[in-house]
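S.K.: Each chain, letter by letter, is given below.
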Amino acid sequence: MKPAKLQAVLEDLSVLERTERIEYLIALGEEYRNFSPEEVPRDATCRVPGCESEVYLGVSPLGEGLRLKFAVDNPQGISAMALATILDNSLSGEPLSQVSEISEDLIYDIFGRDLSMGKSMGLSGMVRMARDSARYGKPLAS
Amino acid sequence: MSATLTQILEKGYARPEALVTTEWLAERLDDPSIRIVESNEDPLLYVQGHIRNAVEIDWVRDLNDPLRRDYLDAAGFQALLRRIGATSETIFVFYGDKNNWWATYAAWVFHLFGHTNVRIVDGGRLKWVKEGRELTKEVPTFAPTDYVAQPRNDERFRAYRDDVLRHLNAGNKLIDVRSPEEFNGTRLHMENYPNEGALRGGHIPGAKSVPWAKAVNPEDGTFLPADSLKALYEETAGLESTDDVVVYCRIGERSSHTWFVLRYLLGYENVRNYDGSWTEWGNSVGLPIEK
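Residue numbers (the working numbering), protein chains in the order written: chain A, 1 to 142; chain B, 1001 to 1291.
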């Protein structure tokens, strides 16, 4: 069972044409605000594997789960920023049991199927790290 | 001679006309004889902001056959060029993300249809953005044309598996542009990229390893000067400009970048891109492999 907020985002996206979806994602990406190194350490433990946009994940307790704080250091990393916003907005504070079951394939529901292999690897790495943080209670870059 | 042309000429390339600077492009955004094309890996970048009057060509939706593993056919290419208002005289100026990886890929596909009047913006999107140049969200529209595409002719610039087999049996040269780990078989895919199903690791026998990104200055995405490229491909990898060369990677996109470098920047006449690359070779029964 997906967290309700995530399910709602995916339902919103499912009715959008490709261009509308891209504009929606860009708006989310432009809404993104980065985290300082004090909030999210830029170290190997927090670094999202496979993500060329230099993305780091820090977590802290929130509600029934965790606050997912993705730091995206590449100013051109608009896709990573959009996904960071979606994951933070829809998974932070949600029950760990639900977040720990999300599938990395949800990036295809968000971005569509025409992602390159490299791009899909980086984005799915962000989802995987969020999921694993829910499973283990902290970021585990492996 | 303009300063921008001098910048390219100073780099010593064999065919300097294939490369333009960001300054050159900035001065010609409204030139009707050129069509500016952005081709990216990241599908959001063009919509977020692009060079004014640039159209987008998407490597998946626009250049690939939707069903078979192949490129679009002549009818598809014709429809694409009509849609973006091109004629047979149009000069295409490509740029994109990832050090022009996808821009050179698109340019290579254009060559299959005989449309060789292409330029690459040295440094691509990275350099344009780093220089603080203007980007716009406004998508340009151009009046459709009656462009008539030539039939696709793969012979000159594209190699198929059997071509490569003949090529290596004849003792001709190959350049493997993947990472050293993929080349030596310790990894079946790019670092941090998923395994795409190659059952065997290694490289095509006799191939020399020159990772594609070595041809680029990572700071601004510009191509290295010719002397540095010669050191890389000729002194280190043993190529000569008269060689018949096949380049390959994993699915033929990274190697299109090297194809551009060899053909245009170093002036090699006989360079083909094997787009079947390792995902085909490493899965084919009975083909020779070296580690």
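Be aware that a few hints might be false.
[As the list claims (entries may be wrong)] Derived Cβ-Cβ restraints for the label pairs, each shown as a range: (1) A:P61 <-> B:D1070: 49 to 57 Å; (2) B:E1155 <-> A:P41: 30 to 38 Å; (3) B:N1117 <-> A:Y108: 32 to 40 Å; (4) B:D1065 <-> A:G63: 45 to 53 Å.
[Said to hold, decoys possible] If you want the ones that stay clear, here's a sample from chain A, every Cβ over 10 Å from chain B, calculated: (5) E31; (6) P61; (7) G93; (8) F111; (9) G112; (10) S116; (11) G118.
Keep in mind that the hints were calculated from the coordinates and are not lab data. Cβ atoms here follow ideal geometry from the backbone N, Cα and C, with glycine treated the same way.
S.K.: State for each hint whether it applies.
M.R.: A quick look at each hint next to the structure:
1. The hinted window of 49 to 57 Å between A:P61 and B:D1070 holds, with their beta carbons roughly 52 Å apart.
2. For the hinted restraint 30 to 38 Å between B:E1155 and A:P41, the CB-CB distance of approximately 55 Å leaves it violated.
3. The given range of 32 to 40 Å is respected by B:N1117 and A:Y108, whose C-beta atoms sit roughly 37 Å from each other.
4. A beta carbon spacing of about 48 Å between B:D1065 and A:G63 agrees with the range 45 to 53 Å that was offered as a hint.
5. Listed as outside the interface, A:E31 is consistent with that label: its C-beta sits roughly 13 Å from the nearest C-beta of chain B, beyond the 10 Å cut-off.
6. A cut-off of 10 Å between C-beta atoms confirms that A:P61 is not in contact with chain B; the least separation is 30 Å.
7. In this structure A:G93 is separated from chain B by more than 10 Å, as the shortest Cβ-Cβ distance comes to about 27 Å.
8. Here A:F111 does not stay apart from chain B, with its beta-carbon only about 7 Å from theirs, under the 10 Å limit.
9. With a least CB separation of 7 Å from chain B, A:G112 falls inside the 10 Å interface cut-off, contrary to its annotation.
10. Its closest Cβ contact with chain B, about 5 Å, brings A:S116 to no more than 10 Å, contrary to its assignment away from the interface.
11. A beta-carbon of chain B comes within 10 Å of the beta-carbon of A:G118; the shortest separation is about 6 Å.
Of the hints listed earlier, those the structure fails to meet are numbers 2, 8, 9, 10, 11, in rising order.
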